[in-house]
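Colleague: Produce the entire structure from the sequences given, and follow the hints as far as they go.
2 protein chains.
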Amino acid sequence: MNLKGTLPTLILHVLDREPNHGYRIAQQIKAKSKGVLDFKEGTLYPALHKLENQGFLTSYEETAQGRIRRYYRLTEKGRKVLSKEREEWREVSNAVTLILEDA
Amino acid sequence: MNLKGTLPTLILHVLDREPNHGYRIAQQIKAKSKGVLDFKEGTLYPALHKLENQGFLTSYEETAQGRIRRYYRLTEKGRKVLSKEREEWREVSNAVTLILEDA
DNA sequence: TCCCAATGCCTCGGTTTACTAGGCATGAGC
DNA sequence: GCTCATGCCTAGTAAACCGAGGCATTGGGA
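If you read the protein sequences in the order shown, they are chains Z and W.
Okay, so the first sequence: first residue is 1414 according to the numbering used here, each after it adds one.
Okay, so the second sequence: first residue is 1414 according to the numbering used here, each after it adds one.
Mixed in with the good hints there might be a few duds.
[To be verified] Far from chain W, by Cβ distances over 12 Å, these chain Z residues were calculated:
| hint | residue |
| --- | --- |
| 1 | Tyr1436 |
| 2 | Leu1457 |
| 3 | Asn1466 |
| 4 | Gly1468 |
| 5 | Gln1478 |
| 6 | Asn1507 |
| 7 | Leu1511 |
| 8 | Asp1515 |
[As the list claims (entries may be wrong)] Ranges between beta-carbon positions, derived for each pair:
| hint | chain 1 | residue 1 | chain 2 | residue 2 | range |
| --- | --- | --- | --- | --- | --- |
| 9 | Z | Gly1479 | W | Lys1447 | 53 to 61 Å |
| 10 | W | Pro1432 | Z | Glu1489 | 49 to 57 Å |
| 11 | Z | Glu1431 | W | Arg1483 | 52 to 60 Å |
| 12 | Z | Gln1478 | W | Thr1471 | 29 to 37 Å |
| 13 | W | Asp1451 | Z | Gln1478 | 45 to 53 Å |
| 14 | W | Thr1471 | Z | Glu1475 | 52 to 60 Å |
[Stated by the list, open to error] As a list, the in silico DSBU-like pairs of lysine-lysine whose alpha-carbon atoms are at most 35 Å apart:
| hint | chain 1 | residue 1 | chain 2 | residue 2 |
| --- | --- | --- | --- | --- |
| 15 | W | Lys1463 | Z | Lys1497 |
| 16 | W | Lys1417 | Z | Lys1463 |
| 17 | Z | Lys1453 | W | Lys1453 |
| 18 | W | Lys1490 | Z | Lys1490 |
| 19 | W | Lys1453 | Z | Lys1490 |
| 20 | W | Lys1445 | Z | Lys1447 |
| 21 | Z | Lys1447 | W | Lys1493 |
| 22 | W | Lys1497 | Z | Lys1447 |
| 23 | Z | Lys1490 | W | Lys1497 |
| 24 | W | Lys1463 | Z | Lys1463 |
| 25 | W | Lys1463 | Z | Lys1493 |
| 26 | Z | Lys1417 | W | Lys1497 |
| 27 | Z | Lys1493 | Z | Lys1463 |
| 28 | Z | Lys1493 | W | Lys1490 |
| 29 | Z | Lys1445 | W | Lys1417 |
| 30 | W | Lys1445 | Z | Lys1493 |
| 31 | Z | Lys1497 | W | Lys1417 |
| 32 | Z | Lys1463 | W | Lys1493 |
| 33 | Z | Lys1493 | W | Lys1447 |
| 34 | Z | Lys1453 | W | Lys1417 |
| 35 | W | Lys1463 | Z | Lys1447 |
| 36 | W | Lys1493 | Z | Lys1490 |
| 37 | Z | Lys1445 | W | Lys1447 |
| 38 | W | Lys1453 | Z | Lys1443 |
| 39 | W | Lys1490 | Z | Lys1463 |
| 40 | Z | Lys1497 | W | Lys1490 |
For the record, the hints were derived by calculation from the structure and aren't laboratory data.
Being a predicted model, the structure only gives us computed values, none of them experimental.
Cβ atoms here follow ideal geometry from the backbone N, Cα and C, with glycine treated the same way.
Modeller: Now the structure itself:
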């Protein structure tokens, strides 16, 4: 199960550490969430392309073991968006939790 | 901003207290979240109809001050679904938070 | 040797979810 | 008389996600 709308934030967050490529980004999200969050390739790749179009990421190709990988790197613009989205997540998720917990 | 996918859970939760009608449900969600969550009528009413079709709610009409209101009541089935969805929200939102906070 | 799983990228079509923008009606207040 | 809040609704559109496919390489097991 995935919360719709959180994927861009999660991608930007993963790339805040270091540049990475799509397949690995997906794996990391899944692993860090202990399998709870599991975005499919049909979701991930279009999301990456969109983030790049929006100027939040730049990409470059790299070949390793005969395999071409497309690495993504966070831009300054992306970094700013990330911090806003983190804040927004806190606000909205707290709001939902607040309602659901108020017995 | 609304987290897509949380509306059914929020509706069921509001109705867990007492039967209520659409307009009021929307107001309560907005008020309890201090304005953060604000689902529009074009979203709310179809969602209510769907929940009723799924057997999670039943409805009845009531007239007050010349106005017809459609009240919704949680069914047993709806109550069970609500508890599952609450659990799911905890799990998934914790997963997202875990990732975003792990600096 | 041959096949399959994992890696790694991608697109297309369909479903779900939400929003915008409308329609319709009543009652209260200016 | 008009507008705003209440109260219900639908139709069209956009966004997000998924399933199912395509394509290519590498490594391991039968």
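Colleague: Indicate, hint by hint, whether the structure satisfies it.
Modeller: Here is how each hint holds up against the structure:
no., hint, verdict
1, Tyr1436, "holds, 17 Å"
2, Leu1457, "holds, 15 Å"
3, Asn1466, "holds, 21 Å"
4, Gly1468, "holds, 21 Å"
5, Gln1478, "holds, 28 Å"
6, Asn1507, "violated, 8 Å"
7, Leu1511, "violated, 7 Å"
8, Asp1515, "violated, 7 Å"
9, Z:Gly1479 x W:Lys1447: 53 to 61 Å, "holds, 55 Å"
10, W:Pro1432 x Z:Glu1489: 49 to 57 Å, "holds, 52 Å"
11, Z:Glu1431 x W:Arg1483: 52 to 60 Å, "holds, 54 Å"
12, Z:Gln1478 x W:Thr1471: 29 to 37 Å, "violated, 60 Å"
13, W:Asp1451 x Z:Gln1478: 45 to 53 Å, "holds, 50 Å"
14, W:Thr1471 x Z:Glu1475: 52 to 60 Å, "holds, 58 Å"
15, W:Lys1463 x Z:Lys1497, "holds, 34 Å"
16, W:Lys1417 x Z:Lys1463, "holds, 19 Å"
17, Z:Lys1453 x W:Lys1453, "holds, 29 Å"
18, W:Lys1490 x Z:Lys1490, "violated, 47 Å"
19, W:Lys1453 x Z:Lys1490, "holds, 31 Å"
20, W:Lys1445 x Z:Lys1447, "holds, 31 Å"
21, Z:Lys1447 x W:Lys1493, "holds, 26 Å"
22, W:Lys1497 x Z:Lys1447, "holds, 19 Å"
23, Z:Lys1490 x W:Lys1497, "violated, 39 Å"
24, W:Lys1463 x Z:Lys1463, "holds, 32 Å"
25, W:Lys1463 x Z:Lys1493, "violated, 39 Å"
26, Z:Lys1417 x W:Lys1497, "holds, 18 Å"
27, Z:Lys1493 x Z:Lys1463, "holds, 17 Å"
28, Z:Lys1493 x W:Lys1490, "violated, 44 Å"
29, Z:Lys1445 x W:Lys1417, "holds, 22 Å"
30, W:Lys1445 x Z:Lys1493, "holds, 30 Å"
31, Z:Lys1497 x W:Lys1417, "holds, 18 Å"
32, Z:Lys1463 x W:Lys1493, "violated, 38 Å"
33, Z:Lys1493 x W:Lys1447, "holds, 26 Å"
34, Z:Lys1453 x W:Lys1417, "holds, 18 Å"
35, W:Lys1463 x Z:Lys1447, "holds, 32 Å"
36, W:Lys1493 x Z:Lys1490, "violated, 44 Å"
37, Z:Lys1445 x W:Lys1447, "holds, 31 Å"
38, W:Lys1453 x Z:Lys1443, "holds, 33 Å"
39, W:Lys1490 x Z:Lys1463, "violated, 40 Å"
40, Z:Lys1497 x W:Lys1490, "violated, 39 Å"
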